[in-house]
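K.L.:
Listed below are the residues making up each chain.
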Amino acid sequence: MHRRIAIKNLALIIGGAALLPSCVHNSGKASVKLKNVDINADQEKLIGDMAETIIPKTNTPGAKDLQLHLFVLKMVDDCYTKKDQQDFMTGMGQFTDLVKKQYSRSFGECDQKQREQTLLSIEQDKDPKSTTYPAELKSFYGMVKGQTVNGYTTSKYFMTKQVVYELVPGRYNAFYPVRKKQAV
Amino acid sequence: MANLNIDSVKDRTFDAIVIGSGMSGGWAAKELTGKGLKTLMLERGRDVKHIKDYPTTNMYPWEFEHRGEMPMAVQEANPIVNRCYAFHEDAAHFFVKDKEHPYVQDKPFDWIRGYQVGGKSLLWARQTQRWSDFDFEGPARDGFAVDWPIRYKDIAPWYSYVEKFAGISGNKDGLAELPDGEFLPAFPLNSVEQYFSKHVKSKYSNRHVISARCAHLSKPNQIHLDQGRAQCQERILCQRGCPFGGYFSANSSTIPWALKSGNLTLRPFSVVHSIIYDDKLGKATGVRVVDTNTKETIDYFARIIFVNAAAMNTNLVLLNSTSHRFPNGLGNDSGVLGKYVAFHNYSAHMSAEYDGFKEWTTDGRNPAGGGYIPRFRNVFKQETDFLRGYASGFSAYRRRQRGWDGIGSSLKDNLVNDDLGPWSVGSHMMGETIPKEASYVALDAKLKDDWGVPLLKISMDYDDNDEKMKKDYIEQLTEMFTSAGFTNIQASSDHRAPGLDIHEMGGARMGHDPKTSVLNKWNQVHAVNNVFVTDGACMTSTSCQNPSLTYMALTARAADYAVSEMKKGNI
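These protein sequence lines are chains Z and P, in that order.
Reading the first sequence from the start, the letters are residues 1 to 184 in full-length UniProt numbering.
Reading the second sequence from the start, the letters are residues 1 to 571 in full-length UniProt numbering.
Don't take each hint at face value.
Claimed, not checked - Think about it this way: if two alpha-carbon atoms lie no more than 25 Å apart in a straight line, the pair counts; the simulated PhoX-like pairs of lysine-lysine are:
1. K99/P / K35/Z
2. K82/Z / K97/P
3. K164/P / K35/Z
4. K126/Z / K113/Z
Read the hints as simulated data drawn from the structure, not as lab findings.
Note that the structure is a prediction, hence the values are computed from the model and not measured.
Chain Z extracted, bound-state conformation (with noise of 0.2 Å):
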């Protein structure tokens, strides 16, 4: 097990873009080490479930592929405020049960529709207030989704093979007619 989060831990390290096979959890823990969030397998889970509705699998990887859910708790635990912390803890708990009473199963045991129904609803409601939607689960959702486009985008993958970054040799053109393809 060791071995297996030391292999993972660096996969984040060089970019959490190295395609590794997602595994199996058999413990309740989480796979990821984390400092001061408290996860376990299941939690684990449901962000991978997330994750990969936001950005999926299609002709090109998806969050799995990417390891994107792992980024997402990296960044919670290490970059994120305690309150953003136990918002994103009470928004995860607000959103197992609201899919729970939805669905009447969890968000892992729903279909790739209803995942993304669910995401898409919290997505548009753009009501502070709403009741439906309370702020700590708004607050995790966005955290999720946000960390996920970000280590999307600046995955190795997608700053290889979707965007070209060139680290060099830069260049600076000061007037360069928009209809080229730029690099990043």
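Assemble the complex: chain Z is given as a structure, and chain P must be docked to it using the hints.
P.N.:
Using the frame of chain Z, we list chain P on its own:
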């Protein structure tokens, strides 16, 4: 004192000692070793060797654990340095963390420091403008601080001298308030920057928007290649340390040059406790250091000493160098040592949009950062109710707008097919602040650091002049933006503490009169002719131009003078 035997004293004796290895210390070492002096360079922090010790320099964005963001625990443990714009995952290792080196804030002061070989020259924003007579004549004209003992003509040849070696890009703009230098090609203005430049020129006789001048090798000359440096690759990852030496740092330029002479001994991990003054000889004889690894106190000896510890720490060293002759700090007959410190006022910003030039964008990155608006207030005559003036940054850019709405494959498509937004423009003020006696640094009476050196107390603040100047900046830039047809103009004023501009200056100011200043026109301590101070501590006033280039020029000039005086037997 440890190891006091004859051979050891000989081993610890040099022709010159340079305290500090950053922007000005590097120049002192280069000049002194180049003139044949066996020179010891002391640095309180660790060694940072060019290229080898830039651990993040070739990392891709996805290789950073948090994609550049600092972990919250680090941010919360470091509220001061965390406010610095460059304190991110890629360069955090070059910044002093808050707890490592405490100081006393009599008034809030964000002291941003880089304790390593190269100092903050690894981290600076690389803007390099000459000062003009409007700056050197400022105190005399406007009646504050004391008269500078030099004028532009005294330093102009030394600007040329350091510019040629460091490599400064820019245009010859022909402005009296911002003298031209020895330039490599400038980084060009983009379409909106150029438009604004033309607009301002047509509407205001004394206002200019020029390409920012910066210490980047846009097109290296042989002297730069000889240093082992190469053309700037326009990566804009400068704060990580540049493996090409594309921008000027002590690590890539002056220090390796000094080492190549065979005359430089570099001693990192050496906190300077004080400069040793011999009452009988009537001069400084050496420097007492504490080895940060062993805590051992060691004395080093030399004929001349250059103090380049960075402005605040240079004051600290001088204040802590007490003797029978100088009970209040070395060379402090006047009592002004530590006083009349000042800084720059960077606390206002502008933003706006421009609905035009949609057919143009930019490609790549501009190391110069865009445009520069030289000071236009109170230059040729006093025209406002505040003293001095401000320069301004100006840049225009188009952001990629990525649709983050939705989820699933449509989101994936949106993220790839990003659109260019409208042109955004931005500006920030860079104001001169007035050195005052009430603005000071001093030694804390009780608190000491791990090496037995008193902690520095810092006390300086904004005043009414700064507030009026800030108001004027916002009014004038708003007017200029409005008349240029920019829209959605927003001014913002932040409440940053002094210090975050990282342009603290003064405390050991230059002047004609030993009764009111610490240094003479050669940066030589009035009362101790073998000690020279050529970093920010020497500055009599602060101008609104960036100060680093002036530190370099003053250092080269002072080193030349010091060696010629040594040869004449005067030192």
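K.L.:
If any of the earlier hints don't hold here, list their numbers in rising order.
P.N.:
3
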